[in-house]
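*Asks:* Got chain L sorted already, so can you dock chain Y onto it with the hints?
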Amino acid sequence: MSFWEKLSKLPRFWIYLGLLIVMILPIVLKIKAHPKMGLETRLVYDYIDHMKPGSVLLMNFTYGPSSMPELHPMAKAVMRHALLRGVKVVGMSLNIEGTGLGLDVFNSVANEFKEAGHPLQYGKDYVYLGYKTGYAMVIRGIGGDFHETFPVDYFGHSTSDEETMPLTARIHNYDDIDLVIDFSASGSGATWITYAYQQFNQKIAIGITAVMGADYQQYIRTGQLVGLLNGMKAAADYEAAVAKLMEKELHYTPPPYATVGITAVTWAQLYLILMVIVGNLAFFMIRKQQRRRR
Amino acid sequence: MFFSRTLPMILVFVMGVIGASLYFIPHPSAQSLENTLSQWSIAIGSFAIFLAITSLIRRYINNLKRGKEVVYNLVALISLFGMALLGLIGGTGPNSVFQKIFINVQVPLDATMFSLLGFYVTSAAYRAFRARNVEATLLLITAILVILGISTIGDSQTWLRNLQEWIMNVPNLAQKRGITIGVGLGMIATSVKIILGIERNWMGG
Numbered sequence: 004m005s006f007w008e009k010l011s012k013l014p015r016f017w018i019y020l021g022l023l024i025v026m027i028l029p030i031v032l033k034i035k036a037h038p039k040m041g042l043e044t045r046l047v048y049d050y051i052d053h054m055k056p057g058s059v060l061l062m063n064f065t066y067g068p069s070s071m072p073e074l075h076p077m078a079k080a081v082m083r084h085a086l087l088r089g090v091k092v093v094g095m096s097l098n099i100e101g102t103g104l105g106l107d108v109f110n111s112v113a114n115e116f117k118e119a120g121h122p123l124q125y126g127k128d129y130v131y132l133g134y135k136t137g138y139a140m141v142i143r144g145i146g147g148d149f150h151e152t153f154p155v156d157y158f159g160h161s162t163s164d165e166e167t168m169p170l171t172a173r174i175h176n177y178d179d180i181d182l183v184i185d186f187s188a189s190g191s192g193a194t195w196i197t198y199a200y201q202q203f204n205q206k207i208a209i210g211i212t213a214v215m216g217a218d219y220q221q222y223i224r225t226g227q228l229v230g231l232l233n234g235m236k237a238a239a240d241y242e243a244a245v246a247k248l249m250e251k252e253l254h255y256t257p258p259p260y261a262t263v264g265i266t267a268v269t270w271a272q273l274y275l276i277l278m279v280i281v282g283n284l285a286f287f288m289i290r291k292q293q294r295r296r297r
Numbered sequence: 498m499f500f501s502r503t504l505p506m507i508l509v510f511v512m513g514v515i516g517a518s519l520y521f522i523p524h525p526s527a528q529s530l531e532n533t534l535s536q537w538s539i540a541i542g543s544f545a546i547f548l549a550i551t552s553l554i555r556r557y558i559n560n561l562k563r564g565k566e567v568v569y570n571l572v573a574l575i576s577l578f579g580m581a582l583l584g585l586i587g588g589t590g591p592n593s594v595f596q597k598i599f600i601n602v603q604v605p606l607d608a609t610m611f612s613l614l615g616f617y618v619t620s621a622a623y624r625a626f627r628a629r630n631v632e633a634t635l636l637l638i639t640a641i642l643v644i645l646g647i648s649t650i651g652d653s654q655t656w657l658r659n660l661q662e663w664i665m666n667v668p669n670l671a672q673k674r675g676i677t678i679g680v681g682l683g684m685i686a687t688s689v690k691i692i693l694g695i696e697r698n699w700m701g702g
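Protein chains in written order, with the working numbering: chain L, 4 to 297; chain Y, 498 to 702.
Everything labelled a hint here was simulated from the structure, so no lab data went into it. None of the values given here were measured: they were computed from a predicted structure. Quick reminder that beta carbons are idealized off the backbone N, C-alpha and C, glycines included. Do not rely on the hints blindly, as some may be mistaken.
[What the hints assert, rightly or not] Now the in silico label distances, taken between C-beta atoms and shown as ranges:
#	chain 1	residue 1	chain 2	residue 2	range
1	Y	A573	L	R295	55 to 63 Å
2	L	I99	Y	G587	16 to 24 Å
3	Y	S501	L	E166	23 to 31 Å
4	L	H160	Y	S529	26 to 34 Å
5	L	P14	Y	A549	54 to 62 Å
6	Y	F547	L	K9	51 to 59 Å
7	L	R224	Y	L614	26 to 34 Å
8	L	K117	Y	L504	53 to 61 Å
9	Y	H524	L	N110	40 to 48 Å
Chain L extracted, bound-state conformation (with noise of 0.2 Å):
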């Protein structure tokens, strides 16, 4: 067996190792990569920017463990942002395992601004409803009456509760709520469009995993959402912005989730083209050594 034959033939054990080396590296060292903004994530960012202090942000979370690693950070960033900005935020969730995602983001996020001397009130300055089943029916009734639609939030607390709960109370349906922002890896983002945006021109931005940027893209184009978080690389952009902002108004820094991440993925995207490069060079060497033999 030629060398070429035995190289096209590499056990599985070392691809594997090979790319657990490139992954585990950057985290365990901490490489922290200093993204440039892409521009569809500058257009949430720059919606949230200049939200007026005490607007209603509402953010869904449609995803599971298994997405989280691109989706979580983005999604405490988004939240970090917001708050710095005053903008009030509202969580809920569309499914069953983003429910406790969706808790630890708002969990995370408001002891981060307490740590950083500035405590959030639960109530006023956040909610967390937790999760609702009905998917697209919970989208269209929160049109119609949020109230109904979340009578309590995810402790049990009623929303209609103006001195416990004067962020909900204030809430009555989409025109109380000034930007939707919809974290999934599923086909969430394309509902809330059909409802919340064509029934009650609701904005709309998603937050979703890079494998589904494709599908979400041309929606930017015909203005049925106002930005696009896609993917990993997002999710740092975004948190390297927000960080720097946090630093200079809180003197805080956040710890780094998806700017440690993004150097482990473009280390094993190098790491995949290159073996894809020495996987062909393999099969032509081989071809060639072939027709030779011919």
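*Replies:* Chain Y only, in chain L's frame:
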């Protein structure tokens, strides 16, 4: 026959026509009816979860009775009831045992399963992604350009980012729109067939 086939078809026809019409009628009374119907759907969704859990438990218990994969079925049942009990007794708040188990057990398990895909993709790409003909070569080059352009490498190489954006915004977007329109028309056609009773697979064939 009436209750198993005719009545469901009449209900689907009536509710389908009403549901589709209300979407296009902006009158407040129509909107109010649509709100009520959407709240009904949410309530029906809750019953669907109940049905799913009941069916799952029955399946696990049946497997246990037959002695089929006892350990796995037992673990699934204990996890199901254990988590439900923990949530009911200790609550589901940020510092609850329920949330801690979710974050520290469910999340790493689920993420690990999915991360294996990255290894399979790399191995499969190494073995199967070959430039055997013109089409495969084009696909290979395009994939490499898009991967590089969309990553942090594209941040410093403007030409690469511009090329990647052109690929995504022109040829890719054109085919994607075609597919989306096709899927949309297909969904409308299927919905009309269900409402009119032509398509009856939803009743179990």
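*Asks:* For every hint, state whether the structure bears it out.
*Replies:* Tested hints:
Judged by the Cβ atoms, the range 55 to 63 Å given for Y/A573 and L/R295 holds: they are separated by roughly 58 Å. Take L/I99 and Y/G587: their Cβ atoms lie about 18 Å apart, and the range 16 to 24 Å holds. Distance hint for Y/S501 and L/E166: a CB-CB separation of about 52 Å, inconsistent with the stated range 23 to 31 Å. Judged by the Cβ atoms, the range 26 to 34 Å given for L/H160 and Y/S529 holds: they are separated by roughly 27 Å.
One distance hint, 54 to 62 Å for the beta-carbon pair L/P14 and Y/A549, is violated here, with the actual separation near 42 Å. Against the hinted window of 51 to 59 Å, the Cβ-Cβ separation of Y/F547 and L/K9 comes to about 58 Å, which satisfies the hint. Roughly 30 Å separates the CB atoms of L/R224 and Y/L614, a value that falls within the hinted 26 to 34 Å. Range check, L/K117 to Y/L504: Cβ separation about 57 Å, and the 53 to 61 Å hint holds.
Between Y/H524 and L/N110 the beta carbons are some 43 Å apart, a value that agrees with the proposed interval 40 to 48 Å.
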